[in-house]
Amino acid sequence: MPVERRRRRGGLVCLCYSWFLSVRHPLLYIGFLLALLSGALAVGNLLADGGPGAAPWTTWLLLLADLGTLAVLLKLFFRAPAASATSSVATPAALRESEVLSLQRLAQIVQRGQTSTEVYTVLLESAVQTVRADAAWLDLDANHTGTDDTNATQYYNIVPAQAEALRAGLRAHPLVEGEHVVNDLNRRPGFLGTSQAYRSLIQLPLRGLHFNYGTLYLLKVEPGTFNREDVSILQTFTGQAVLSIENLELMRASLANQRTQEELKIASQVQDSLIPKNLPTDNWFEISSHSLAAKEVGGDFYDFLHLPGRRLAVIIGDVSGKGVTAAFHMAQMKGIFHSLMQENPLAKNERDKFPVPSKFMAQANTALIHCLEKSSFITSSLYIIDYEQGGFVFARAGHCHTLYYHALREEVFYFDSAGLGLGIIRNESYEKHIKNQFYDYSPGDVMVIYTDGIVEARGGSGTDEYGEDRLKLRLEESYFQEAEDIKNFILDDLNAFTHGFPIHDDQTLLVIKFKSAQPLP
Amino acid sequence: MKVTAQPSADTLTLLLDGELDASSAIVLDTELAKPDILNYRKVLIDCAKLSYISSAGLGVFISHLQRFQDANVKLVFFNMQEKVFNVFEILGLDALMTIVPSLTEAEAA
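Residue numbers (the numbering used here), protein chains in the order written: chain G, 382 to 902; chain P, 188 to 296.
In isolation and in its complexed conformation, chain G is listed as follows:
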């Protein structure tokens, strides 16, 4: 972390400075006192020897040297702090202050959610101020700038043509990649004999986690003015700038993600509107339904349609896969259902006005050929229940077996019929793989229609599936209840089974209970 590094280094500078202050002054004091003492001794000697004229030449020499030392010490004592302030680099305290301010500005940009271009601008300004550069420019890598403007080279006190001339000189004899201080530019190959004004140069890459964002160049007219210390301070800035850029990128990504979430929420609402809310009601049956998608949108669907002559079409389906792709096909399947289940005015008799389930599946298969990707398929079952005949006909296109309670025989069983899923065979031969099955029902019979998200729900040890057997047992225990109660009984048991495990596939469950004959209202 550049910030930590900066803090550590700042601490070190501070420590060195206080060490310098605490050590330099006592040394000066001691030297000063020693010089005074030896001077006094020398003068004492002179006086004791009976006046200046009688003194030996060595004493004179000693006094002279002593006065010289004293002068130097006095100068150091009073001028030393001022001397460092006049050097090219600011005093450590002043430096730390400007460094902190610059870093604060960089950090604030991120907090304000501003652009990466601004981060680069602040970086360039801070870098120039800190090392008191005469000119500077910042080359950004067009692929990784993260800027809004891809060609966003920034210049300080230098025209692009000048910078380009310098770039050309550097390109001719490239510096090894990384940080560089050049203190006599005009003696470098590529610049020999040129009249360009700058002698000192710092090259500093903006290193990110995965790539370089660009390179910062700082220039000074005077030769030999940049040092390693400048580079390490500047690295703190570039480190912070890169951190800011990467934070901005993360923010941008998270915003985009938020938008996607919002759109998924809308998709989820749209899909919810495709699922029938008002279940068909009549006095000869009860229907209860449940559906739950594993993700925001799902691939399960069911629908109903009243047909003339007290008939009801019930469809259930499951698009392979999950999520958005499945949801699109689910909507498509609903459209196919409603368009194929239209009355055919050319039909010769009443019963042919609507396609029988097997015919419907064959037509749906043809309709899906061109819009379903090769590895996708749809399983579906279509039931046409005829109250007047007291029976139903259905076709199973690869969908889960229908669970049934037969009231007269007091028996629960699965219908065992063959039938191929939709979209698996993409030609006319599909029709051979789908059959109708007719069944007469009695009042009190219960039909349970569901998708594999129910029977393949995971629970127990994590790899156990709910299974057809357990579903059958639950119907054996609840068939005498109302459709709604049977559904809830099954769902309670399913939830107990899957407790603590995430739902991994869409779940749909329909319970239809046939009732005793009622006169028409």
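These are calculated hints, taken from the structure and not from any lab test.
Warning: the hint list may mix true and false statements.
As the list claims (entries may be wrong) - Quick list of in silico lysine-lysine cross-link-like pairs, DSS-like style, CA-CA up to 27 Å:
hint, chain 1, residue 1, chain 2, residue 2
1, G, K715, G, K813
2, P, K261, P, K221
3, G, K658, G, K715
4, P, K270, G, K755
5, G, K816, G, K729
6, G, K816, P, K189
7, G, K755, G, K813
8, G, K853, P, K261
9, G, K740, G, K729
10, P, K270, P, K229
11, G, K813, P, K189
12, P, K261, P, K189
13, G, K816, G, K715
14, G, K658, G, K646
15, G, K853, G, K734
16, G, K740, P, K189
17, G, K729, G, K658
18, G, K816, P, K229
19, P, K229, G, K813
20, G, K740, G, K646
21, P, K261, P, K229
22, G, K755, G, K715
23, P, K270, P, K189
24, G, K896, G, K658
25, G, K755, G, K676
26, P, K229, G, K755
27, P, K229, P, K189
28, G, K676, P, K270
29, G, K740, G, K715
30, P, K261, G, K755
Starting from the structure of chain G, add chain P where the hints point.
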């Protein structure tokens, strides 16, 4: 999910080991999509260690079914666990694909 290919003269045997779901389906798809697979007369799929197959897993076989048929390459499944066979059967694939109990029948098919 691990897919091991065992080529012989005119037969390629693929051993599936693990769960074949959306994430592992890609591995199998890569194997089945290789152009030179159509040079074999038969492709045998050993399902002894295939413990689970999702709709995405079935989708892989379905998407290559026509291609194999067109090239006259016979696709035979064998050693299938009952649970996995049920998934093939519910979807109606047992009528469309050759699924046999053991290697002997697979080689004879």
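Hints, verified against the model:
1. G:K715 with G:K813: OK: K715 (chain G) and K813 (chain G) at ~24 Å, within 27 Å.
2. P:K261 with P:K221: holds (16 Å)
3. G:K658 with G:K715: Distance ~14 Å between K658 (chain G) and K715 (chain G) Cα, so the pair holds.
4. P:K270 with G:K755: Between K270 (chain P) and K755 (chain G) the Cα gap is close to 25 Å, so the pair holds against 27 Å.
5. G:K816 with G:K729: holds (22 Å)
6. G:K816 with P:K189: violated (37 Å)
7. G:K755 with G:K813: It holds: about 21 Å lies between the C-alpha atoms, which stays within 27 Å.
8. G:K853 with P:K261: violated (38 Å)
9. G:K740 with G:K729: Cα-Cα ~16 Å, so holds.
10. P:K270 with P:K229: holds (25 Å)
11. G:K813 with P:K189: violated (36 Å)
12. P:K261 with P:K189: Distance of about 22 Å is within 27 Å: holds.
13. G:K816 with G:K715: holds (21 Å)
14. G:K658 with G:K646: holds (19 Å)
15. G:K853 with G:K734: Violated - the C-alpha atoms of K734 (chain G) and K853 (chain G) are around 36 Å apart, more than 27 Å.
16. G:K740 with P:K189: Violated: K740 (chain G) and K189 (chain P) sit about 41 Å apart, past 27 Å.
17. G:K729 with G:K658: violated (35 Å)
18. G:K816 with P:K229: Not satisfied, since the Cα-Cα distance of roughly 31 Å exceeds 27 Å.
19. P:K229 with G:K813: The hint holds at about 26 Å.
20. G:K740 with G:K646: Between K740 (chain G) and K646 (chain G) the Cα gap is close to 36 Å, so the pair fails against 27 Å, i.e. violated.
21. P:K261 with P:K229: Cα-Cα ~5 Å, so holds.
22. G:K755 with G:K715: holds (20 Å)
23. P:K270 with P:K189: holds (19 Å)
24. G:K896 with G:K658: holds (22 Å)
25. G:K755 with G:K676: Holds: K755 (chain G) and K676 (chain G) sit about 23 Å apart, inside 27 Å.
26. P:K229 with G:K755: Holds, at about 22 Å.
27. P:K229 with P:K189: At roughly 21 Å apart (the allowed maximum being 27 Å), K189 (chain P) and K229 (chain P) satisfy the hint.
28. G:K676 with P:K270: holds (26 Å)
29. G:K740 with G:K715: Cα-Cα ~16 Å, so holds.
30. P:K261 with G:K755: holds (19 Å)
Consistency note: the structure conflicts with the earlier hints numbered 6, 8, 11, 15, 16, 17, 18, 20.
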